[in-house]
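Listed below are the residues making up each chain.
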Amino acid sequence: MRALCYIGGRFQGEPGIMSQSFSGHDLTCIRGERVVFAGLGFEVAAGGALILTGPNGSGKSSLLRLMAGLLQPEAGEMRRDGADVADDPAVHRSSLHYVGHKDAVKPVLSAAENLAFWAAMRGAAGAIETSLDALGLERLADVPARFLSAGETRRLSLARLVASPAPLWLLDEPTVVLDARAVRLLAGLIARHRAEGGMVVAATHTELGLGDETRLELADFARPHQPALGAAAL
Amino acid sequence: MGGYGAFIWPSYLIAAAVLIGLLAQTLVTLWRRERTLAALRATIADSDAEKDAS
Amino acid sequence: MTAALRQLVLRDLRLALRQGADAVMVVMFFVITVSLFPLGIGPELNVLARISAGVIWVTALLATMLSLDRIFQHDYEDGSLELMILAPVPLEAVVLAKVAAHWLVTGLPLIVAAPLLAVLMNMPAEGFATLLVAMLLGTPTSSLIGAVGAALTLGARRGGVLVSLLVLPLYVPLLIFGVAAVDGAITGLGVRPHLLILGAMLAAALPLATWAAAAALRQSQT
Amino acid sequence: MQRFANPTRFMRMANAVLPWCAALTVVLIAAGLYLGLVRSPADYQQGETVRIMYVHVPSAWMALFIYASIAMASATALIWKHPLADLIARASAPVGAGFTLICLITGSLWGKPMWGTWWVWDARLTSVLILFFLYLGYIALNNAFDDPTRGARAAAVLALVGAVNLPIIKFSVDWWNTLHQPASLTRLDAPAIHSSMLWPLLAMAVGFTLFYVTVLIFRLRSEIVAAKIRNLRLVQIGG
Chain A
1 MRALCYIGGR FQGEPGIMSQ SFSGHDLTCI RGERVVFAGL GFEVAAGGAL
51 ILTGPNGSGK SSLLRLMAGL LQPEAGEMRR DGADVADDPA VHRSSLHYVG
101 HKDAVKPVLS AAENLAFWAA MRGAAGAIET SLDALGLERL ADVPARFLSA
151 GETRRLSLAR LVASPAPLWL LDEPTVVLDA RAVRLLAGLI ARHRAEGGMV
201 VAATHTELGL GDETRLELAD FARPHQPALG AAAL
Chain B
1 MGGYGAFIWP SYLIAAAVLI GLLAQTLVTL WRRERTLAAL RATIADSDAE
51 KDAS
Chain C
1 MTAALRQLVL RDLRLALRQG ADAVMVVMFF VITVSLFPLG IGPELNVLAR
51 ISAGVIWVTA LLATMLSLDR IFQHDYEDGS LELMILAPVP LEAVVLAKVA
101 AHWLVTGLPL IVAAPLLAVL MNMPAEGFAT LLVAMLLGTP TSSLIGAVGA
151 ALTLGARRGG VLVSLLVLPL YVPLLIFGVA AVDGAITGLG VRPHLLILGA
201 MLAAALPLAT WAAAAALRQS QT
Chain D
1 MQRFANPTRF MRMANAVLPW CAALTVVLIA AGLYLGLVRS PADYQQGETV
51 RIMYVHVPSA WMALFIYASI AMASATALIW KHPLADLIAR ASAPVGAGFT
101 LICLITGSLW GKPMWGTWWV WDARLTSVLI LFFLYLGYIA LNNAFDDPTR
151 GARAAAVLAL VGAVNLPIIK FSVDWWNTLH QPASLTRLDA PAIHSSMLWP
201 LLAMAVGFTL FYVTVLIFRL RSEIVAAKIR NLRLVQIGG
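Top line first, the protein sequences correspond to chains A, B, C and D.
Number 63 in the numbering used here belongs to position 63 of the first sequence; there are no gaps in the numbering.
Number 40 in the numbering used here belongs to position 40 of the second sequence; there are no gaps in the numbering.
Number 60 in the numbering used here belongs to position 60 of the third sequence; there are no gaps in the numbering.
Number 87 in the numbering used here belongs to position 87 of the fourth sequence; there are no gaps in the numbering.
Okay, chain A solo, but in the shape it has when bound (with noise of 0.2 angstroms):
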């Protein structure tokens, strides 16, 4: 069977397809006419976390809306379980969560409300109580979200991780506006995700005290004086 299904965990039978590895091997990505990085690959196994680091503009974000599907790379491919992303981009995007700088949260919904249309999205019916649990938001359930604090806010969007499950979270700076409690409780759901076999690619600054994880420098990859393959090349 294509896709491996991790048995006895959580994810066992969820709409996500379970997946042992997603890799990416020499990707180019050029963001309005600059080369943001090239050559670039990184490697996640099930369990695993990768943090991305470097200075701001080194394409952290950019990295990580290419592994979501969001950018189409240059040149270089990414694999999810061996088999190349490209030929079936669908399967690749129904597995994944990506938590981006906007929190895409509606203020004239309440909390719940938000939470319960992005379920309905991924098709999973989603426990939207016990997921508003997970980020202490249980008490604001039914709040407009334009009464919500920023931090209040951003918890709401990273319920959205627990609400559908998918096996691999692309986490771009969750802990930016977050307080020290609301950061212990994301570093519990993202160390509860790894021991159930998920995977995490986080771009963050704070020690989210995962331990294990691996990192990767952008810098390395940047080429600040290379053109873009654009018409500058001509």
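Note that these hints are calculated values from the structure, not bench results.
Mixed in with the good hints, there may be bad ones.
[Claimed, not checked] FRET-style restraints, in silico, Cβ to Cβ:
1) A/R215 with C/R218: 27 to 35 angstroms
2) C/L208 with A/R192: 42 to 50 angstroms
3) D/D147 with B/L27: 37 to 45 angstroms
4) C/G40 with B/G5: 37 to 45 angstroms
5) C/E126 with A/A86: 22 to 30 angstroms
6) B/V28 with A/E217: 33 to 41 angstroms
7) B/V28 with D/V38: 31 to 39 angstroms
8) B/P10 with C/L13: 56 to 64 angstroms
9) A/G57 with D/F171: 45 to 53 angstroms
Even glycine gets a Cβ: it sits at the ideal position worked out from N, Cα and C.
Given chain A, work out where chains B, C and D should sit, using these hints.
Positioned in the frame of chain A, the structure of chains B, C and D alone reads:
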């Protein structure tokens, strides 16, 4: 021109004006950009020279 | 998948209704603009009757166009669009659901308001039924084509004005056959060919415009 | 990969062709003008004003031809992501808009002596007017983004959407014209082409096409230099 010169000449003149205007705008932009490129390369060359010297 | 799409349409409708009078504002624009014409052109009833179909159709298309940026703009700005692109549901289906929601909030109210304006413009009675049927076929197409324009101008400078420049030329066939259908009914020359063509345009716009809008959304991600 | 097909080879080839192209343009347009204005006979019906046709009709052909090449270049750019295709489409649009403008102005100048009004809602003139709006939309969208590649991709989709809609617009405007055909309006038809009229027409048409190619090559060089400038500025910041 059978008295219709008042319509024939303007149409040719306008056509010529548009085409030549287009060509002129293109050439002016090209020369201006080439001058900017040369200037930019010069400044980068100088700054590289300074870096090597220091 | 259909559950997800239904949720999307319901969410958009809830947003539109809770966020206040989007639908009402569109209809208000429609009513006020049509009422300006008699003030400008003069109250002679036969003149108004002659131009009633054209005025109603042009104003309806303008009203749809003014509300186009609501389809994707808010979701683009708050990051929802990214998650919709990443949802397991195909993006074309998401576009269709969003256009359906947009049509329910703007297209349908226009159709409901149209007879009132036909009376204001002294349109002959024979034209009313055809006007409704023609708008029923035409306004979804205008939302579909408008969605392509809205998707293309995401993140553009002065996107609102730009959408009108891109979309209005594409509305010309709709306008021509919409008005022709109503005039056909009024003059009794026959309505069938015009309505058939309007239907054909809708049938063509459904797959093509949806595909183009989805392609435009994908390329809008930087 | 096709993507790395060496574009600089194309530019070298283009620069080699450029002088010939420019020279031939001048020769052909001069010949067209001479044949059209001096040698060819006046039309028995429209008299001298038919000479406007030698500018009006070729510019109408150019307006359509350039829009078609923009659509093809856009399709190439979207499918194979070749940077040169984006540039060709972006560089061609103003030339196409220019020809469309010439077509509209000469069309109204040609109509004035016959109907006494500057603008006649003739089916073809109306279609050319809408094509002009499509050109303006394309150019506006192409320049509406800070990132030129973003603008190029969005405009490419628009060019294809426009190309699909053009025949539909043409069909509906013609239908609209027959619906509202007042008896007196004679169609703005080119009279039966006598061979002496055909040559200036063809000379002008080919002359205009070569003019388009010449200006296109200059504009391509200009776009490439602009891209190099942007890149050097990025390197300056990044460096």
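Results of checking the hints against the structure:
1. For A/R215 and C/R218, the Cβ-Cβ distance of about 31 angstroms falls inside the hinted range of 27 to 35 angstroms, so the restraint holds.
2. For the pair C/L208 and A/R192, the supplied restraint of 42 to 50 angstroms holds, since their beta-carbon distance comes to about 46 angstroms.
3. At about 27 angstroms, the beta-carbon gap between D/D147 and B/L27 misses the expected band of 37 to 45 angstroms.
4. A C-beta distance of roughly 40 angstroms is found between C/G40 and B/G5, which places it inside the suggested range of 37 to 45 angstroms.
5. Against the hinted window of 22 to 30 angstroms, the Cβ-Cβ separation of C/E126 and A/A86 comes to about 58 angstroms, which falls outside the hint.
6. Between B/V28 and A/E217 the Cβ separation comes to about 47 angstroms, which falls outside the hinted range of 33 to 41 angstroms.
7. For the pair B/V28 and D/V38, the beta carbons lie near 33 angstroms from each other, so the given range of 31 to 39 angstroms is met.
8. The hinted range of 56 to 64 angstroms is satisfied by B/P10 and C/L13, whose Cβ atoms lie roughly 57 angstroms apart.
9. Remark: the range hint 45 to 53 angstroms for A/G57 to D/F171 is upheld by a beta-carbon distance near 51 angstroms.
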